[in-house]
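Knowing the structure of chain A, use the given hints to seat chain B on it.
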Amino acid sequence: MLPLTRQERRVAVFLFIVILAGAAMNYAQKRSRQLRPVFCFDQSYGKININTADAEMLREIPGVGRAIAQRIIDHRMLNGPFMDIEELRRVKGLNGSRFERLKDAVCLE
Amino acid sequence: MTMRNPFAWITLCFSLGIVCTSRMRITFPAAWGIALACCFLCAASARAEDKGLMAHAGSFFFFCAVFFCGTACLINADTLAGDNLSHILPRILNRSCVVSGSVASEPLREGGRTMFDIKAQRVTANTCWWNCSGALRVTVNGAVSPEYGDLVEASGNMVLPQGYCNGRGASVRERLRQKGILAVLRVPHARRVRIIKAARYPGPVCACMAAKRSFLRIIRGRLPPVAAAIMEAMVLGDKSGVPRSVYKDMIRSGTVHILVVSGFNVGIVSGACALLLKVMRLNRTIRLAVIVPAMVFYCVMTGASPPVVRATVMGIFLFSSWYVRRDPSIPQALSLSAFSILVFSPRQLYNASFQLSFAAVAGISLLSPAIGKVVRLDRISLRPLRWVAAMGVVSLSAWLGTAGFIAYYFRIISPVTVIANILIPAIASLITLCGAGLVIFGFLCPYAAISFASVSEFLILLMLRFNTLLINIPGAYWSFP
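Quick note, the sequences are listed as chains A and B, same order.
Heads up: the first sequence begins at 1 in the numbering used here, then just goes up one per residue.
Heads up: the second sequence begins at 1001 in the numbering used here, then just goes up one per residue.
The hints are simulated quantities; they were obtained by calculation from the structure and are not laboratory data.
None of the values given here were measured: they were computed from a predicted structure.
Careful: at least some of the hints might be erroneous.
[As the list claims (entries may be wrong)] Derived list of chain A stretches under chain B, where covered just means 3 residues or more per stretch with a C-beta under 8 Å from a C-beta of chain B:
(1) 11-19
(2) 23-31
(3) 34-42
(4) 47-60
(5) 94-105
[Unchecked claim] Computed cross-link-like contacts, PhoX-like style, restricted to lysine-lysine with a CA-CA straight-line distance of at most 20 Å:
(6) K1239/B with K1179/B
(7) K1248/B with K47/A
(8) K1239/B with K47/A
Where is the CB? At the ideal position from N, CA and C, for every residue including glycine.
Looking at chain B on its own, in the form it has when it is part of the complex:
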């Protein structure tokens, strides 16, 4: 008997290993040792002659190895280095400190504040100093503009992260912990942040960030603030400027997913590259060698959030299957991308963004064929009507896949989602295409970029108006405490 989706089972088993870690109280050497032993037993059973029973035993040992591998990965991810900032945190908490380190994220401006993460190198409090590692978040009252990779020195008060980030009450502390950030340095004034040394030798990540800054300049220069903020969220994954009222309205209609960079954007980048290379009549190998780095570049540029990483890994998998002329399998690609994210960052399993992204794609790939058969899509003869019905089926599948998570995290159930997700993503697709056109033509032909900016602004306005109209329908959504 052969398994239809082996990667799905492997990912499931690996995730189970992560979830069970807290219940098992197991150490890293023990988990690692059991996983290795299971690997040997699996290999030994594969060599045995009795294929029937030993084949089942081999599968059992293989999945045990995957399970304990998940456990070992989580314990390893949670183990901090000896010089990590967390070890000196009790001594510097709620005290005035000077921290120097390199900037590890693009600065975000929200209201009058600037936020960025730094990889700490040295912490000084009163007369004591420590050389340390680990990340911390810096929040500055005022505008500062360090760039990715710059060496900075900031002085302020060291505190623990505070506040809540969504309706469920998931704390900011937990969200930052998933990123390996355990403390926040509050800087009262922009003057207290000093750039010691600018990033001199821009590596690939610095190049991605520099490209992102250029794209942001084009978008901000061509669109009014609200439209620019929405376009930045949709094209570059920077949603810090989106007004809260707009964001909440999108949550109410269940269309907030369009405000993040997703598989569609990665599809546009890879599709545009593929088309350009095809026009240039280049062979498959060269095309693949250009498309894959372009997708990775875009992934890093947009902040490598779980939906983008998922889409990038899926895209690489699908392009590779095209390259070797094999039929692509969406469930396999989805499982592979989940597995590759969890291997590097097991804590992502508890991240709402990760869960929603995978639940939506799993819902679409698993449920929509079944729903399509029930509503008999193939019997609809009128082509536009069949297209609308197909969109409705996809929307319903995605809603069914994510409704539980949305109710849990945002405390909201919105039946209007099914209608909203037929039209709004269609408009959002056009906005993303126009945004990509705006950025490209902003570089190449500024005059044509004016047209792209006008159309983008109109489409964004249309999308927001349609969204407002939908959430004002009686019974469009129910929120609960």
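This is chain A alone, in the form it adopts within the complex:
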């Protein structure tokens, strides 16, 4: 047996389990597309869908308050769903700098 204490053996076992599990996950992702969502983040994870979000959810976007959230909803109701994130620039109050702040926090589905 290796001259390791119980504690040291636990650390070594943990490291090898992580390395083995990681290698297995990596392999599974490469081999199967269906398994990808089980192990990997979706591109839109944590982002807010501006076509379905209600006013309360829209207020979670950085730089969006009550008034702008309502304007986004009004724009959606008048013109239909957003087809491109750039369309948000047409909403009053979402000028250049504010749009730059929020563009990474939203998605379209």
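Relative to the frame of chain A, chain B by itself:
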């Protein structure tokens, strides 16, 4: 009669002195003088022969001295230097200014903005200029990348801090005031921030920040953005990139504490060092001499927030008791860490992070033994079941300790916390361990780091899914206005 937890009473008395300062309208010389007089009276009573009455009088004078010491510390912390920025603030408020000074924090990127604090040295408005001291926050539209210690010049509009930072409506102004920041310089474009001189002689703090930047590069290079943001929050204490929706979901389930660096992380750093030094067969003195600086290094690197400082002071106390071969006492260590934070920064007493951190640990250390006896943990024979029950007891104790503060600050009561805090911290512990492994192997063996990254990503995803599942249970949380 001897007191069981003298540090707890000292800290309580000191905190009471801080709280009562606003009611007393006392000046610094008066508070300082009374504290000193009480110290002399305490010393005099200790020399007297009548042990009974004089011993009580001595204790009374001692606690009076501690009380007025708290008052004096708060008044001193609130007193600004004669050349402080606040004195010229009325003349430069809402006007275009040029400020030069050294960068005092790592830049945070949120949306398209960059924020950092500077220690002002010179302020120019129109044709007037002032040499001054004091900190201010700079918010820049766009990305700039000054480093800690760089001398910069920024031009923009000087305003007072605005906005609210949590459900209770605690203002950003109050939160920044606790850090000694009274004004914000709004810079409309990144071009208006100029680095005059880079930090040439990196001191210990600059070295910590440089290490943090290297770790951030490894994490960001190996994980997708959301997973990297969560890992950064958990391992390096930088939660600026965590999506708001994720953050709010964690608040709803009462598990937002895992998104900050806490005692567990400090435990991993000190534990890893201790293990490595033990393997190298080094003696106790050398081990202590390496572990303590490593813990302080990690504390500074993660921004020295109240939970990390608490954990670091507690860790140093516990390691010292191990060194001198005495039984460690958690309540004593907790009180000592609270006292040491309050001596340096008395305003932290009003900080939500400070209150939550200490309430959680106090709840766990004081309530969990009692709850454990009530539910008779020792009678559970099946080991995994006993482990789950013990986790449940710890979770319940922490919830009972913090529920009042959470309801006050976040306007939310979440009974689901008790269940969430059994499984989510267990997954979070694995994530933190994998994060530490990712950072270490990212340097030493990049191939092994791929495995750590894959496992970390999977665990973070699992934790978020479990969290979403829990908050969707009917009656999981109640929020109120």
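Hint numbers contradicted by this structure: Violated: none.
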